[in-house]
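**Q** Let the hints inform the model, and build the full structure from the sequences given.
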Amino acid sequence: MRLVVVLTLTLLVGCRSVQSRTANEPVDVEALPEANRRLTEGERVILEPIFRDGIDYEAVRIIHAAHPFQPADTYMAPNGHIYAPGRLYREDWAAPTVSPVARAELVHEMTHVWQHANGVDVMVYCLEELLHHGGDYDATYPYTLVEGRDLSDYGIEQQASILEDHYRIAVEGLYPVELQNRDISLAERRRLFSSVLARFQADARYARTAHAR
6 MRLVVVLTLT LLVGCRSVQS RTANEPVDVE ALPEANRRLT EGERVILEPI FRDGIDYEAV
66 RIIHAAHPFQ PADTYMAPNG HIYAPGRLYR EDWAAPTVSP VARAELVHEM THVWQHANGV
126 DVMVYCLEEL LHHGGDYDAT YPYTLVEGRD LSDYGIEQQA SILEDHYRIA VEGLYPVELQ
186 NRDISLAERR RLFSSVLARF QADARYARTA HAR
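First residue of the sequence shown: 6, per my numbering; consecutive thereafter.
Everything labelled a hint here was simulated from the structure, so no lab data went into it. Hints may be right or wrong, so weigh each one.
Stated by the list, open to error - Each pair of labels, with its calculated beta carbon distance range:
(1) D158 - S190: 22 to 30 Å
(2) R187 - Y62: 17 to 25 Å
(3) D97 - H138: 30 to 38 Å
(4) T79 - E133: 17 to 25 Å
(5) P76 - S104: 32 to 40 Å
(6) Q206 - E177: 14 to 22 Å
(7) E63 - A192: 34 to 42 Å
(8) V176 - T79: 20 to 28 Å
(9) A192 - A70: 41 to 49 Å
(10) V50 - T149: 26 to 34 Å
(11) S199 - R42: 32 to 40 Å
(12) T102 - R213: 22 to 30 Å
(13) A203 - A77: 33 to 41 Å
(14) A40 - R154: 36 to 44 Å
Because the structure is a prediction, the values reported are computed rather than measured. By construction, the Cβ of each residue, glycine as well, lies at the ideal position given by its N, Cα and C atoms.
**A** Now the structure itself:
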């Protein structure tokens, strides 16, 4: 595998930039591109029931610009903020003109913000996942709900996919995107989601210890 492929892909959606800071140290807002904004009240209404006290919502910025090495038409959440360049940007994901699919994508990206806020060294995990899948980053998203597994037992992108799909089903009435065991009954699917998300739903900050390395 070429080194350039590894270095580029480690900067994808959930991966933080290679800088000398701890995993959950906040990025100075003054250092961000000027085209950024806080979360809107409507966006917080969407996100707070999911992530509760696991995120400092006032600190999060939505950035209408690309992060270095950011591929086209791809979100990034590298350091506790969401980069949404070009057509990906929304003034308010809670606006009625924004599609349910786009709102679910916001939940996916905020999962990476949550991971970062709770001490997860996202860069290291992204590298591990990338190498495990032979450089195919798309293969890091699909997941299978398994009895006895916790959210923290899944990969970085799988965690974001699980919370995105759970939101799609529970709030927007959409089909899951990355769930692989789709042949299970609706009741079994609800039960497995509840089982996998039990610790997260009991304590949104539990990942501080669950991901301790």
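**Q** Does the Cβ-Cβ separation between P76 and S104 fall within 32 to 40 Å?
**A** 22 Å, violated
**Q** Does the Cβ distance between E63 and A192 fall inside 34 to 42 Å?
**A** 39 Å, holds
**Q** State, for the Cβ atoms of T79 and E133, whether the hinted interval 17 to 25 Å holds or is violated.
**A** 20 Å, holds
**Q** Taking the CB of T102 and the CB of R213, does the distance hold inside 22 to 30 Å?
**A** 37 Å, violated
**Q** Is 20 to 28 Å a correct range for the gap between the Cβ atoms of V176 and T79?
**A** 24 Å, holds
**Q** Could you see if the CB distance from Q206 to E177 stays within 14 to 22 Å?
**A** 18 Å Cβ-Cβ, so the 14 to 22 Å window holds.
**Q** 22 to 30 Å was suggested as the range; check whether the CB atoms of D158 and S190 agree with it.
**A** Roughly 23 Å apart at Cβ, these two residues keep to the hinted range, so it holds.
**Q** Is 41 to 49 Å right for how far apart the beta carbons of A192 and A70 are?
**A** Given about 45 Å between the Cβ atoms, the range holds.
**Q** Does the Cβ distance between A203 and A77 fall inside 33 to 41 Å?
**A** Check passed, 38 Å falls within 33 to 41 Å.
**Q** Could you see if the CB distance from R187 to Y62 stays within 17 to 25 Å?
**A** Distance hint for R187, Y62 is violated at roughly 33 Å.
**Q** Take a look at whether the Cβ-Cβ distance between V50 and T149 falls inside 26 to 34 Å.
**A** Holds - the Cβ-Cβ distance for V50 and T149, about 31 Å, lies within 26 to 34 Å.
**Q** Taking the Cβ atom of D97 and the Cβ atom of H138, is their distance within the range 30 to 38 Å?
**A** 35 Å, holds
The structure shown violates the earlier hints numbered 2, 5, 12.
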